[in-house]
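Trainee: Here the protein sequences line up with chains E and Y, keeping their order.
Sequence positions in the first sequence follow numbering that gives the first Met the number 0 and run 0 to 343.
Sequence positions in the second sequence follow numbering that gives the first Met the number 0 and run 0 to 343.
Incorrect hints may appear among the rest.
A pair counts as met if it fits within one copy or between any two copies, since identical chains are not told apart.
[Said to hold, decoys possible] Mimicking BS3-like on lysine-lysine, the simulated pairs with C-alpha atoms at most 25 Å apart in a straight line are:
#, residue 1, residue 2
1, Lys151, Lys223
2, Lys161, Lys228
3, Lys90, Lys151
4, Lys24, Lys118
Because the hints were derived from the structure by calculation, they are not lab data.
Number of protein chains: 2
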Amino acid sequence: MSDKRTELQDLGEFGLIEKLTNRFKTQVPSTLKGVGDDAAVIEINEEEVMLVSTDSLLEGIHFDLMYMPLKHLGYKAVMVNLSDIYAMNGKAEQITVSIAVSNRFPVEALEELYEGIQKACELYQIDLVGGDTTSSRAGLIIQVTALGRAKKKEVVYRSGAKENDLLVVSGDLGGAYMGLQLLEREKEVFKTNPEIQPDLDGYDYLLERQLKPEARKDVLAFLKELEVKPTSMIDISDGLASEIMHLCKASELNCTVYDEKVPIDGKTASTAIEFEIDPITTALNGGEDYELLFTVDQSDYEKVASNPHMTVIGHMTAKGSGIYLCDKAGSLVELKAQGWKHFE
Amino acid sequence: MSDKRTELQDLGEFGLIEKLTNRFKTQVPSTLKGVGDDAAVIEINEEEVMLVSTDSLLEGIHFDLMYMPLKHLGYKAVMVNLSDIYAMNGKAEQITVSIAVSNRFPVEALEELYEGIQKACELYQIDLVGGDTTSSRAGLIIQVTALGRAKKKEVVYRSGAKENDLLVVSGDLGGAYMGLQLLEREKEVFKTNPEIQPDLDGYDYLLERQLKPEARKDVLAFLKELEVKPTSMIDISDGLASEIMHLCKASELNCTVYDEKVPIDGKTASTAIEFEIDPITTALNGGEDYELLFTVDQSDYEKVASNPHMTVIGHMTAKGSGIYLCDKAGSLVELKAQGWKHFE
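Starting from the given sequences, assemble the full structure and let the hints guide the process.
Mentor: Laid out in structure tokens, this is it:
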């Protein structure tokens, strides 16, 4: 090792991945796309590809067992990965699940975790095909790899957006983040006084967004029904702003997003205000919504606008135009990605 | 959760996996083999399958950075997974690598780790196609998923052994375990007196077996050259005894292994004696040799015996005959798997 010491937080997660992997060259003919999209793309026959994506959830970093039921955790770990396959416009078919766990967990706890995984497999029609278990010195770690399949010509990459394409988002944003804020607040109350029962009545939607998210397999079905093929797509795991940046970078474009178009549920907005957070911030910089962000050709506007699960929030602009958030008054603010900063 | 509490160590790793996964049903037509072999087998076209295997290495459980150079660790993490693909008689083509790492590691340390991964990719002609990085509260975790490909009719499962088949092992066994013992001894010496330089001269082979193992891609090539297709196969990661048990269980057979046939390098044997360990124990219950254990038809005896990288160590017997180790004097001792017991 040289004497130079660069701290991980100086690079951030995406800078780090780029630094570590940019020297790797692709040498296997079947590798169509390696690092740099939601999933890797591997040719499996003349017409089809396999999609591979992997994600880890670590206790204390991604979840807190104080309020995350193990069954939901298992379910969520699967959703996080399926979401990446769907973001490539693929059909998820198999997963492997590796867990590292300390002795403090009894077998019954892991059975609960696997009940959630099983539920996800049943509902999304995928098979658990492998994995490993090992002991951990610090908490629970769940690592899922998802495998999917797609027709080669139907795969949607982050890089396919064209100038003037419409930027579309599924569902609504910021709910998972506000769910997390609520759970954190109640945890603090509980730590101060364990006698006080958590006050989470009426917040079901936000809690569900945080504790039991769904991957948007249904959105792919809607798009197929509408005969719309997105030109580019990414899943929203780190917050809208961060994902917009990825899409723009991969497609070598910029974009303008309209503040008031960003879909935010009423409960998310009112809870944000209760927490003195600007609702748009929960959508832009909150994470874990697992919605899809995609671009479509202008000619698909009517089709997309007709579907209640999709919202046009902006459009792609030429590189160099800047990536802007436009508010009601028409003033432009440059978008900055916050995303998750694990290393800080 | 019910009130019952079963400790993880009561089940052991394999019992735990079975308990957690036995309720899962295969529902996707392309899943040919799920949990229960070295890799999952997924149909990708009429003639071919994709093989998928995943394994994690955790600091403090699987490696100690006090003596494991990061570059070697990266290399080894890849080998561990390729070995599983080769154990299915497949060609490894892609890997994903996920790391969890705490702030105490500078970027330069991770670059070393990835240098080892890159070296492995180059030498074994595989592509790094994805992964993620996240922060960890406790040490370094490396999780690799390997993807391979094979002709459907060439895949070798654990379950294919027939009665009277010969049991064959590649390379020699116990070296990685003795390498670990040496490193642990020098670590203790160093902890007592940091002035004393480690005394590892002349132990290169054992250290290499532990720190920089190779997956036996070459053995598959030898078998192809010899026109021998194993009837069953497994890689030796947990020690010969444990792998024999897996093979017997999957093939619904028993076997007899001849003590003096088990290949043990001279340096492994002499070092074992120095440590007051019976050399056969290092082969049976040591781990991490990453050799291949397979069965072949009796008619292939001459071919296999002609290759210096393979040793016939026994033969398969009918179920109910017992799984025995036969010593020079001809007395039989029942084999018991020790393997790794992470949860103790």
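Trainee: Under a CA distance limit of 25 Å, which applies to Lys151 and Lys223: within one copy, between copies, both, or neither?
Mentor: Answer is within; shortest intra-copy Cα gap is 16 Å, inter-copy 33 Å.
Trainee: Taking 25 Å as the upper bound on the Cα-Cα distance, should Lys161 and Lys228 be classified as within, between, both, or neither?
Mentor: Close inside one copy (13 Å), not across copies (52 Å); limit 25 Å.
Trainee: Using 25 Å as the alpha carbon limit, work out where Lys24 and Lys118 are close: within a copy, between copies, both or neither.
Mentor: between (39 Å within a copy, 11 Å between copies)
Trainee: Given identical chains, is Lys90 near Lys151, meaning Cα to Cα at most 25 Å, within a copy, between copies, both, or neither?
Mentor: Intra 12 Å, inter 23 Å, cutoff 25 Å: intra and inter.
The structure fails none of the hints (numbered hints given earlier).
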